[in-house]
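In case you want the letters, here they are:
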Amino acid sequence: MKKIHKITFISIFAAFAMVLSYVEMMLPPIWSAVPGIKVGLPNVIIIFVLYKLSFKYAAFISLLRVFAVALLFGNVLTLSYSIAGAVISLTLMWLLKKTSLFSMVGVSIAGGVSHNLGQIIVAMIVMQTKEIGYYMAILAVSGVLAGIVIGLIGAMLLKYTQKIKIK
Amino acid sequence: MSIKKALLNHKNDILLATGILLLAAICFLIFSFSMKEGKYALVTVDGEQVYKHSLNEDDETVILGANSSSGEQNVLVIKDGKAFVKSANCPDKICVSHRKISKTGETIVCLPHKVVVSVVEE
Ligand SMILES: [Zn+2]
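Line by line, the protein sequences give chains U and F. When we follow the working numbering, the leftmost residue of the first sequence carries the number 6, and every step to the right adds one. When we follow the working numbering, the leftmost residue of the second sequence carries the number 19, and every step to the right adds one.
I should point out that these hints are in silico values taken from the structure, not numbers from a laboratory. Since the model is a prediction, treat every value here as computed from it, not as a measurement. Not one of these hints is a red herring.
List time: in silico BS3-like cross-link candidates among lysine-lysine, alpha-carbon distance up to 30 Å:
1) F:K29 <-> U:K103
2) F:K29 <-> U:K61
3) F:K70 <-> F:K57
4) F:K29 <-> U:K164
Incomplete in silico selection of chain F near chain U, CB under 8 Å:
5) H28
6) N30
7) D31
8) L34
9) L39
Ranges between beta-carbon positions, derived for each pair:
10) U:F72 <-> F:G37: 31 to 37 Å
11) U:I143 <-> F:N74: 25 to 31 Å
12) U:T104 <-> F:H71: 48 to 54 Å
13) U:T96 <-> F:F51: 29 to 35 Å
14) U:I17 <-> F:N74: 55 to 61 Å
15) F:A43 <-> U:L157: 21 to 27 Å
16) F:V138 <-> U:L100: 35 to 41 Å
17) F:H71 <-> U:V24: 42 to 48 Å
18) F:D98 <-> U:S16: 55 to 61 Å
For every residue, glycine included, the Cβ atom is placed at its ideal position computed from N, Cα and C.
Kindly generate the complete structure, drawing on both the sequences and the hints.
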């Protein structure tokens, strides 16, 4: 890829991811006990880029999204949740993808669950309370469900863009 | 990686999902057994605290939802050390069907009214 292509690609996909973050913010806050915790809709974009291109691009887009969203709508608290969720889930998805043991759905499930766990761990540290650990089980379940949906959408995107080669 | 490889590995996917859910269930059980009985019922509406009452004294109170002008109401009852929503005029009634709560950290959430009932220590 030429440099200008790289920049364009990263910008477009970071923008997609940001739109999904925004959509997610519009959804009702299910876990109002832990403000700022999200399911991870933008993961659709991240996992797609991870499979279509590489870990490097996915990481760049993911971090770009996290900082841009925090700048636009968030605060330091939500930024810390987001970074924890994004870094942990992307790293785990990358490692699992490398093992070739799971399909995109499996990788996405691991990403979804670790995304939630990362956020809850930071929330426990920030809020100085262990009580919300109770939500871990619920968040694990929601992570699995979100992971399945996101994995299927990602797989569909990958399938339909199969003919488009990015090199 | 080929597309096929990326999409087909359902057996391992299902194993992974089941494993996580099982682990979550175990954690949930451990947590609910190890949780302490709480002392107070705390109610917030749209993030603002509107009510706090000891679980040791029975009480019944009407909580006005975030949109109180449209008559949003939840009737909260404290009885025998447990708190529950007796009735509400929200569309989904999830808060009403929620089991009684008494342990620290447990919550009843009424999403449509933005009402959160939680049991706290302090
Ligand atoms: Zn309700």
